[in-house]
Amino acid sequence: MIDNQSVYLAISIILFVIGAAGAICRRNAIVVFMCIEIMLAGVSIAFVTFSRANQSLDGIFMVLFVMAVAAAEAAVGLAIFVLMYRKHGSIDLDKFNLMKW
Amino acid sequence: MELVFILICGGLAAIASLLVIFARSTLHSALWMVVSFFMVAVIYVLLHAQFLAMLQIIVYAGAIMMFILYAIMMLNLRREQDEKVPVRNSKIFGLVALVVLFMELVMVALQHGVEAIHGPITDQLVQAHGRVAVLSNFLFSDYLLPFEVASILLTAGVVGAVVLAKRTK
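Listed in order, the protein sequences are those of chains A and B. Per this note's numbering, the very first residue in the first sequence carries number 5; after that it's consecutive. Per this note's numbering, the very first residue in the second sequence carries number 149; after that it's consecutive.
Same shape as in the complex, but just chain B (with noise of 0.2 Å):
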């Protein structure tokens, strides 16, 4: 039963991700980013990782397209979607690596299968503290310091998008 549900969010975030990239407008595109990452959302509840499902939704599905979806409308992009140019060279070329990548990422997660290492988060603790009070004890523990750097970055994100974006006069 697992397996079917899997299966089909898997195939539904790939198709979404191949409509990304073969959408002719740049707003479409956008659009079906959304639904890539609302099937990403159900693949992580479906590995017991609420939490994070939630977050995509809020800051992926949420905050990041519409930061993008503000720049797509900001910028006049009609123009240059007529635009016809040859297929480069390079880019072939950058295909073929990636089947070449493709394979062996293939051959090694065929090698090697998912050894299970018994650690300490097991499905008892889960349930007798709630998923989301074992996550915090340990962000605000064992990850404080990654925590506050990451909000460091945060805070140096906008006030560097801030910066680069005002119009000088």
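Chain A extracted, bound-state conformation (with noise of 0.2 Å):
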């Protein structure tokens, strides 16, 4: 019998695995910005499964910061997209180079 707890962590990788694929593939900047929230939520359903495991509040208020930052992270990425599509006309990943060596 497969324990449940097991049934979670599987979800968590599953989802983490599928948000990197995305974030390696698609040039697109706010698919990537999505795929990387996508990576977040995988993480923290693994921070929630074993906040629960042992008894603890510490991976809820773990999942409560990373949400905080998310949310930081959201208006910043965003301007600097707007910032870039005013630049060079689109959000394409490839042609941002500025800060390529």
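Since the hints were made in silico from the structure, they are not lab data. Everything numeric in this text was worked out from a predicted model, so none of it was measured. It cannot be assumed that every hint is accurate.
The following residues of chain A were derived to be distant from chain B, with all beta-carbon distances above 12 Å [stated by the list, open to error]:
id : residue
1  : Asn101
2  : Leu102
3  : Met103
A few chain B residues that face chain A, going by a derived Cβ cut-off under 10 Å, partial list only [said to hold, decoys possible]:
id : residue
4  : Ala162
5  : Met181
6  : Arg236
7  : Asn237
8  : Ala245
9  : Ile265
10 : Ile269
11 : Tyr291
12 : Ala298
13 : Leu302
Using N, Cα and C, we set each Cβ at its ideal position, and we do this for glycine too.
Put the two chains together into one complex, using the hints given.
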């Protein structure tokens, strides 16, 4: 009989890997941003799973702060995308080479 | 019974996440993202983290997705959807590395099962005081400093976004 917790961990791993695949393969900056959010969701599920298994609230607070950081990241990141669109006329990540050495 | 719900919600979350990647238009991937966030919220409810589930719906499916939809509708992205570029070598290497990462994660999850430690937050405590009350007691005592730092971070993020996106004349 499969443990429920290992099913939760499996979902978390699958979401993380799907998000990472999208972040590698897609060139649209907004889709890459959303894929990073999927990766964060996968990690959050793992945190909550362990938090419940250990009868502790630490994992839940970790997810809470992940949400706060994700909100700030969304605000700044989308402002950067708008700037890049004004400058280059697209948000194709292959065309962003300002910081490339 | 719980297992069936977990499998349904996890499967729907995975399918919605895959559709985020494979959708042709950015707007469609944003809408599939909302579905994925809702399924993750249901998984939080199954994990007895109802407060997080509400936050997931309000913050992610509400606020952050509204940000993203605004950005998509502000930018005219139709042109570059039509362009086709050949697959780069770096992307193939990246996908191979990803498969290796997936194998490693599965092996780690299989080898070390979740060892239950009996912590202070038992079901009796939660039922006696209520879940949000227990949560807020911890949040405003043990986690007060990270809470304040998070509020400073959010303020800095909003100010930074306004400064960045302001049109210089």
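Going down the list of hints, with the structure as the test:
| no. | hint | in the structure |
| --- | --- | --- |
| 1 | Asn101 | holds, 14 Å |
| 2 | Leu102 | holds, 14 Å |
| 3 | Met103 | holds, 16 Å |
| 4 | Ala162 | holds, 5 Å |
| 5 | Met181 | holds, 5 Å |
| 6 | Arg236 | holds, 8 Å |
| 7 | Asn237 | violated, 12 Å |
| 8 | Ala245 | holds, 8 Å |
| 9 | Ile265 | holds, 4 Å |
| 10 | Ile269 | holds, 5 Å |
| 11 | Tyr291 | holds, 5 Å |
| 12 | Ala298 | holds, 4 Å |
| 13 | Leu302 | holds, 5 Å |
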